[in-house]
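Sequence lines, in order, name chains A and B. FYI, in the numbering used here the residues of the first sequence are 2 to 367. FYI, in the numbering used here the residues of the second sequence are 2 to 367.
Rather than coming from a laboratory, the hints here were simulated on the basis of the structure. All figures in this text were calculated on a predicted structure; none of them were measured in a lab. Any given hint could be a false lead.
Stated by the list, open to error - Computed Cβ-Cβ distance ranges for the label pairs, DEER-style:
(1) A:Thr358 / B:Glu35: 17 to 23 Å
(2) B:Ser361 / A:Asn265: 54 to 60 Å
(3) B:Lys153 / A:Ser229: 29 to 35 Å
(4) B:Ser25 / A:Lys271: 40 to 46 Å
For glycine and all other residues, C-beta sits at the position ideal for the given N, C-alpha and C.
Chain by chain, the residues run as shown.
Protein chains: 2
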Amino acid sequence: MREGQHLRIPGPTDVPPSVLRAMSRPMMNHRGPEFAALSASVNAGLKSILGPAEMDILTLTCSGTGVMEAAVANLVSPGDKVLVASSGVFGERFVEILKAYGAVVDVISSAPGEPVSPKEVAKKIEADNKLDYKAVFATHNETSTGVTNDVKAMAATLEDHPALFVVDAVSSFGALELDPAWGIDVVISGSQKALMCPPGLGIIALNKDAWSAVDAAKSPRFYFDLRSWRKYAEKGQTPVTPAVSIMYALDEALRLINEEGVKNVFARHKRIGNMVRSGVKSLGLELFAKKGASDIVTSVNVPYSIDVKTLLGIARERYNVIFAGGQKDLAGKIFRIGHVGHVGDEDILLALTVLETSLSECGFTK
Amino acid sequence: MREGQHLRIPGPTDVPPSVLRAMSRPMMNHRGPEFAALSASVNAGLKSILGPAEMDILTLTCSGTGVMEAAVANLVSPGDKVLVASSGVFGERFVEILKAYGAVVDVISSAPGEPVSPKEVAKKIEADNKLDYKAVFATHNETSTGVTNDVKAMAATLEDHPALFVVDAVSSFGALELDPAWGIDVVISGSQKALMCPPGLGIIALNKDAWSAVDAAKSPRFYFDLRSWRKYAEKGQTPVTPAVSIMYALDEALRLINEEGVKNVFARHKRIGNMVRSGVKSLGLELFAKKGASDIVTSVNVPYSIDVKTLLGIARERYNVIFAGGQKDLAGKIFRIGHVGHVGDEDILLALTVLETSLSECGFTK
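The following block holds chain A by itself, in its conformation from the complex (with noise of 0.2 Å):
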């Protein structure tokens, strides 16, 4: 048996070899030169994903969930107003976290494979004449349903409003085009999806606005204490200490990434989304996303005749080749097929053959 699965789940992801490898050099002092030396090093290459925007890039030791929360625990103050476009687990994910912090929180939540329609975030804000919203947090690329929401209209519709916007771009980070001249004042973003390592880095860039939030937010904090990560990082270190092994994957994963090319990048993701969504169709299987599907995972309906534990359990079993099922409300309804970082079109020419011939073991005709 081939050591190794085909990844076709939404993350973690594909680890290229190179960064398999860069995980074996030994540890280091994280409190010396050199682990400042690699900090610097994983900052300019996430930089160069981020683009100009003048924005601080922290880099933490934990999920990108992690990170979601230390956006919620730095921001927001219990009482606090906030919106929520959500557009699936992800999105609710953002409003169980503001609910644990006592926000009061206000949520637009899209169709089942939709995206938030950027108009009706445009009403709530028009609704909102106290400004009483001290934040807006959406996903930019929702896994859960496979779809891309269009934040750069979202944060349009802020233009006149002094929200801050949050967003998780937890798997699109270095995958789809983002850019925070939009408006985007935080952008959340992990190790483990677009940027091909191992889980166990979060990441999270924050603009000027977003810091004078951070500075008189009143939520209880410490391990994910924005205020101190920023202290540290300007000697080059971390408060806690930080996950080498993973910073030295990232490290070398970043310089694949500008090795490639950012924008080669977001349009090899772009073609292969592409291919992915017309093999499936072809494939006689329906797309589940019927507007804003998105080019780093296909959301798929499981058709009538199929039980999907079967079809899913025949592709791992027999092809080693690992599909998402649903989530939550979706489980059984549809499943899922990414396609994110480390992934070539080959790879995808083997999951819809592995798809095909799996389809064809449950009996599935078109």
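Using the hints provided, position chain B relative to the given structure of chain A.
Frame of chain A; chain B shown alone:
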């Protein structure tokens, strides 16, 4: 120049070659049976160190400080009265986190370089005749001062008091004897010290009494909400994407620890602790810890005639041996030699020789 530093700091510690190699295994799906098997194997390894105590062990993606915060956020509600037995920076860290979460904190601080007196703890506990203390927090091994606290004696003072006893064993777990049966309700650790792994995983073990407190606590928490970690652990998963590669590492490191035998590992640390203290004294240096000197980190007074930065700089730049300076108030006054985890007699011979040579280059004479 040799690749890799001789890490004579209290952490992150040297990672054995087979543990480094384990991290180059391909990424896997964190929601599949393979991860559940890995997780079960890691848990069994951790239990072999923890002993027969009936505790749930959870492995979180964060540093040791993260699990310290998890303990606070899950056990303490705003306004709760707690006691911290502090002998240095990491005892103070509990105080800071507890205050951030709104606890009313009583502190017993030891004299610098000494352990906390269990008699002082007993006095505080006896004086608390209203049984107000919800929890008592202590540091097993205080790496900032090189002191080991007698948590067994502290636990005994709580025999007739309902307060939970929470022990930070971040540096000691897997190196120094620690038995929850002494009366410890919560044990906290991390991957990057005695467990010989890269940083990135925090470990927390809780007994039944601790879980009752978790269910009742009112502090905001999401990422560190141990209820969801426990729920997912039941199916061999984690609520957020786990640091899979460091789990590979931890599994291999635990295999090495069990191959050597947990008791033998404890005995090796004890022997090496003695060896370091004898060696340091024979060089004409003075130990900082007058009582309770730790077997895993040795603190040394900086001789009057020596500039410690110069001393540590020579060891680092010329010999690639990294000693640690003093933290906070102790900066410039002590330096520290770490000897925890993947360390053998030959590493100590080298460290002492380099120390002798570097001292001599600084002009130090006995």
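Going down the list of hints, with the structure as the test:
Our hint of 17 to 23 Å for A:Thr358 and B:Glu35 holds, since their Cβ atoms are close to 22 Å apart. Checked against the hint of 54 to 60 Å, the pair B:Ser361 and A:Asn265 passes, with Cβ atoms roughly 56 Å apart. Between B:Lys153 and A:Ser229 the CB atoms are about 33 Å apart, so this pair conforms to the stated range of 29 to 35 Å. Checked against the hint of 40 to 46 Å, the C-beta distance between B:Ser25 and A:Lys271 comes to roughly 31 Å, which is inconsistent with it.
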